[in-house]
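Peer 1: Sequence:
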Amino acid sequence: MMHRCTGILAFVWSCWKLNLAGAMEFRLSFLMTAGMMVINNIVWILFWVLYFDRFQVVNGWSFQDVMMMWAVSAGGFGLSAVLFGNAYRLAPLIANGQLDIILSQPKPVLLHMLVSRMSVSAIGDVLFALMLYGVFGDRSFVGILKFGLALGIAMLIFLFFVVIAGSLAFFMGNAEGISQQLFNGLLAFSTYPTGIFSGWGKLILFTIIPAGFISYLPIGLLRSVDPFFLGQALGAALLLAVGGTLFFYAGLKKYSSGNRMDMRM
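Per my numbering, numbering through the sequence shown is continuous, rising by one, with the last residue being 265.
Quick list of in silico lysine-lysine cross-link-like pairs, DSS-like style, CA-CA up to 30 Å:
#1 107 to 17
#2 107 to 254
#3 17 to 146
#4 202 to 146
#5 253 to 107
Have a look at the derived ranges for each label pair, beta carbon to beta carbon:
#6 131 to 13: 20 to 28 Å
#7 253 to 204: 29 to 37 Å
#8 198 to 62: 17 to 25 Å
#9 172 to 8: 27 to 35 Å
#10 143 to 44: 19 to 27 Å
#11 131 to 29: 20 to 28 Å
#12 45 to 246: 35 to 43 Å
#13 46 to 255: 39 to 47 Å
#14 43 to 143: 22 to 30 Å
#15 7 to 196: 45 to 53 Å
#16 56 to 143: 21 to 29 Å
#17 46 to 181: 20 to 28 Å
#18 28 to 253: 38 to 46 Å
No lab work stands behind these hints, which were simulated from the structure alone. These figures come from a predicted structure and were not determined experimentally. Ideal Cβ positions, reconstructed from N, Cα and C, are used throughout, including at glycine.
Turn these sequences into a full structure, and let the hints guide you.
Peer 2: Structural data, given as structure tokens:
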């Protein structure tokens, strides 16, 4: 068992190194792609700068809280797309029968599929998150640990939410459109303070589209640890991870081969 786990970890590490080496092969393109994502995120930050220039708080959220919300959201998404980039292409891969090459190899299918690709632009999101944390975050040892935990929770929620959304293609055929819409909803709502929502809107953000567990992390973990919320956030991340994995493999039983064994993802 230990030997198998070590082998899987070595395989994942090799995939990550190869993905990064492939991205760095065209360095100018790599720098421009990642740099444009940083600039794109900065434009959104300028909106909040203008807002807080007129208003000091948003339902109890300070400017620093909002900056940390963006750091957690951008960093969590960025890590999921850099380390497990194929999650965001899962629906078309399934619909087009392009999992054949993965199924032919003796590795865990979902893990192998996820680590087979890296999103270069998402590296810009990770860099942006680190920049925000460096400027506005708590740079103490405990602060760094809490930020790392927040990124881990956000990454798992992003990753397995899109795995579930993409796995709908096993049952619906072409689910690329609905999968993209669900992801866009999660990403968008994770960058707005939960304090501006109430009633049904807030309920949806902590159930159907679990963006609330990401956007509230600056208040419930980074500002001060709320054990009840932290337990809920960890539970939501674990539930999505287990549920997403089971849903993928349940759908895999319905997968139709594309007879394209020569294709790489």
